Each structure stands twice: as C-alpha cells, then as structure tokens.
Amino acid sequence: MAQNGYDPEHNDLVELGVAPMSVVSAVGRRSSELQRTDRIQARANALLGDCRRAFHAFGELDELAENLRILSLNAELAAGRAGEMGRAVRALTQYTRELVNRLAQIQTEMNGLRVRTYGLSSTVLRELLQLQMLERTVDLLNDGRHNARAQVAANRAFAQTMRTLVDTLDGVATSVEDVSRRARAIEEVVSQSDSIATNIAIEASSAGAHEKEFRTVSDTMRRYVDDLRKMIDEASDAVRRALDKGDSLRRTGMEALHALRGDGFME
Numbered sequence: 001m002a003q004n005g006y007d008p009e010h011n012d013l014v015e016l017g018v019a020p021m022s023v024v025s026a027v028g029r030r031s032s033e034l035q036r037t038d039r040i041q042a043r044a045n046a047l048l049g050d051c052r053r054a055f056h057a058f059g060e061l062d063e064l065a066e067n068l069r070i071l072s073l074n075a076e077l078a079a080g081r082a083g084e085m086g087r088a089v090r091a092l093t094q095y096t097r098e099l100v101n102r103l104a105q106i107q108t109e110m111n112g113l114r115v116r117t118y119g120l121s122s123t124v125l126r127e128l129l130q131l132q133m134l135e136r137t138v139d140l141l142n143d144g145r146h147n148a149r150a151q152v153a154a155n156r157a158f159a160q161t162m163r164t165l166v167d168t169l170d171g172v173a174t175s176v177e178d179v180s181r182r183a184r185a186i187e188e189v190v191s192q193s194d195s196i197a198t199n200i201a202i203e204a205s206s207a208g209a210h211e212k213e214f215r216t217v218s219d220t221m222r223r224y225v226d227d228l229r230k231m232i233d234e235a236s237d238a239v240r241r242a243l244d245k246g247d248s249l250r251r252t253g254m255e256a257l258h259a260l261r262g263d264g265f266m267e
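Mapping the sequence shown onto the numbering used here, position 116 (from 1) lands on 116, and the numbers just tick up by one.
None of these hints come from the bench; they were simulated from the model. Hints should not be assumed to be uniformly reliable.
[Claimed, not checked] For lysine to aspartate or glutamate, the following DMTMM-like pairs were computed, each having C-alpha atoms within a straight-line distance of at most 25 Å:
1. Lys212 - Asp194
2. Lys230 - Asp194
3. Lys212 - Glu66
4. Lys230 - Asp62
5. Lys230 - Glu98
6. Lys230 - Glu127
7. Lys212 - Glu76
8. Lys212 - Asp226
9. Lys230 - Asp219
10. Lys212 - Asp227
[What the hints assert, rightly or not] Across the chosen pairs, the derived CB separations fall in these ranges:
11. Thr174 - His146: 36 to 42 Å
12. Arg52 - Ala91: 21 to 27 Å
13. His146 - Val115: 42 to 48 Å
14. Gly59 - Asn199: 39 to 45 Å
15. Gly59 - Arg145: 51 to 57 Å
16. Thr164 - Ala91: 51 to 57 Å
None of the values given here were measured: they were computed from a predicted structure. Just so you know, even glycine gets a beta-carbon here, dropped at the ideal spot from N, CA and C.
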C-alpha cells in the first residue's frame, strides 16, 4: 500500500533525497530541454565556424611580417647609401623592425590560441554527442515503466554533462576574447606602419637622388599595410560574430543549468 502518499515501489527516491515529483517535472520539461540542447548545438557549431574563419584570415600574418622585416632591412641599406639625407629613414626603419617583432609575438600567441581553441572544439563536439546519447537514455527511462532510481541517475548524468559542456563553451568564448585582443593589437601595428610609410614618403621628397628608392620603400610598405588591413577586416568580422555567439551560448547554457537545478538534479 502507499505510505505518506507515495507508492512503496518508489521509496528509493526518498532514500536518494529526491521526491518522485522531480522525475515527473523532468519529463514535463524534457521537450523544452531538447529544444534548448538543439539551440546550444546549433550555436556552438556556428561559433566554432566563426573561430575557424578568424584563424584562417590570420593565416598569412607570418608571411606579411617577414615581408615587412625584409623591407626594413632594404630600407636601412638605402638610408645608409643616402648618408645624411637618409638619417630620418634609418630611424623609421628601426621603428618598423619593432613593429615586425610585435607581429611575430602576436603570431606566436595566435598559434597558441589556435591550438587551444581547436582542442576545446573537439571537446565540445564530444560532449554534445554525449549529451545527445544521454537525452535518448533519459527519454527511454522516463516512460513510466522503468525504475525511478535509474531515472534519477540518468537525469543527474545529463545535468553533469550539461555542466561540463557549459564550462567548455565558456573556455571557447574566453579564447575568442583573447583572439579579439590580438586582433586589436594588429590594428595598432597597421596604424603605426601606415604612419611610417607616410613619413618615409615625406622624407623621399627631399632626398634628392635617393627619392625614387625611398618612395619605392614607402609604396611597398603601404601595399603590405593594405594587405594587413584586409586581413584584419576579414578576421575582425568573424571575431565579432564569434563574440556575439559566445555571449549567447553562455546565456543559453546558464538557462539550461538553472532549469536542471529547478528539477533537483543539480546542487
């Protein structure tokens, strides 16, 4: 017979410290949880796609930095041949090499972020697969014909996997923020390189016989600056989209965790 309003066969729920209504509530919410999980998967895939596009856009950063380095060396040689007329250009080439060193540092940091983000991406895909498998398990167990203890265990496993997934997605979002900071650093290098090219062009106008050589340096540097600017525009667009998706994923993940806590499957 039922005792205290509960069927004896569900007493194991009391032993687990979870009221039978938790399972009933979980069943009632399962449809919305499935929709939320589908949204997480769709947004996660879109986020990872934007991350790949951003890293792809930065793929030629090494080559452009090397081109600038070689140009600065050639410019310094030209300045040396110009003697006193090339003194200002020599100083500008020193600034250019400092910018090249900064680009090299950013590229090294970007490579580390790429490895980290791709590693997290693999983890996200694996955890999404685990979540889908647990969803199917929970649906099968919540049909009213299975042991309540198994239902609770499956729901708690689902909740824990969701918690782990949300933490991993948070790591991806943090990586995107780091990429965004590196992109802004490259924008600063682009701006400074553009100023150097302008100043070399000014110096060329008063360099006499060396004007053509200095102007060639200035024009070449502007071309590299334009290539860097195009790279930044493409990457920044992908980064902006990734930042928006990362924020959206954080909110969706927290909503899912809040719902699971409401069902009593998380502390």
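Results for each hint:
1. Lys212 - Asp194: 19 Å, holds
2. Lys230 - Asp194: 13 Å, holds
3. Lys212 - Glu66: 23 Å, holds
4. Lys230 - Asp62: At roughly 15 Å apart (the allowed maximum being 25 Å), Asp62 and Lys230 satisfy the hint.
5. Lys230 - Glu98: This hinted pair holds, its Cα atoms lying about 22 Å apart.
6. Lys230 - Glu127: 36 Å, violated
7. Lys212 - Glu76: Holds, because 15 Å separates the two Cα atoms, which is no more than 25 Å.
8. Lys212 - Asp226: Measuring from Cα to Cα gives roughly 21 Å; hence the hint holds.
9. Lys230 - Asp219: Roughly 17 Å separates the two Cα atoms, so the pair holds.
10. Lys212 - Asp227: 23 Å, holds
11. Thr174 - His146: 36 to 42 Å: At roughly 40 Å between Cβ atoms, His146 and Thr174 fall inside 36 to 42 Å, so the hint holds.
12. Arg52 - Ala91: 21 to 27 Å: The hint (21 to 27 Å, Cβ to Cβ) is violated, given that Arg52 and Ala91 are roughly 41 Å apart.
13. His146 - Val115: 42 to 48 Å: Since the Cβ atoms of His146 and Val115 sit about 43 Å apart, the hinted range of 42 to 48 Å holds.
14. Gly59 - Asn199: 39 to 45 Å: 30 Å, violated
15. Gly59 - Arg145: 51 to 57 Å: Because 55 Å falls inside the window, the suggested range holds.
16. Thr164 - Ala91: 51 to 57 Å: 55 Å, holds
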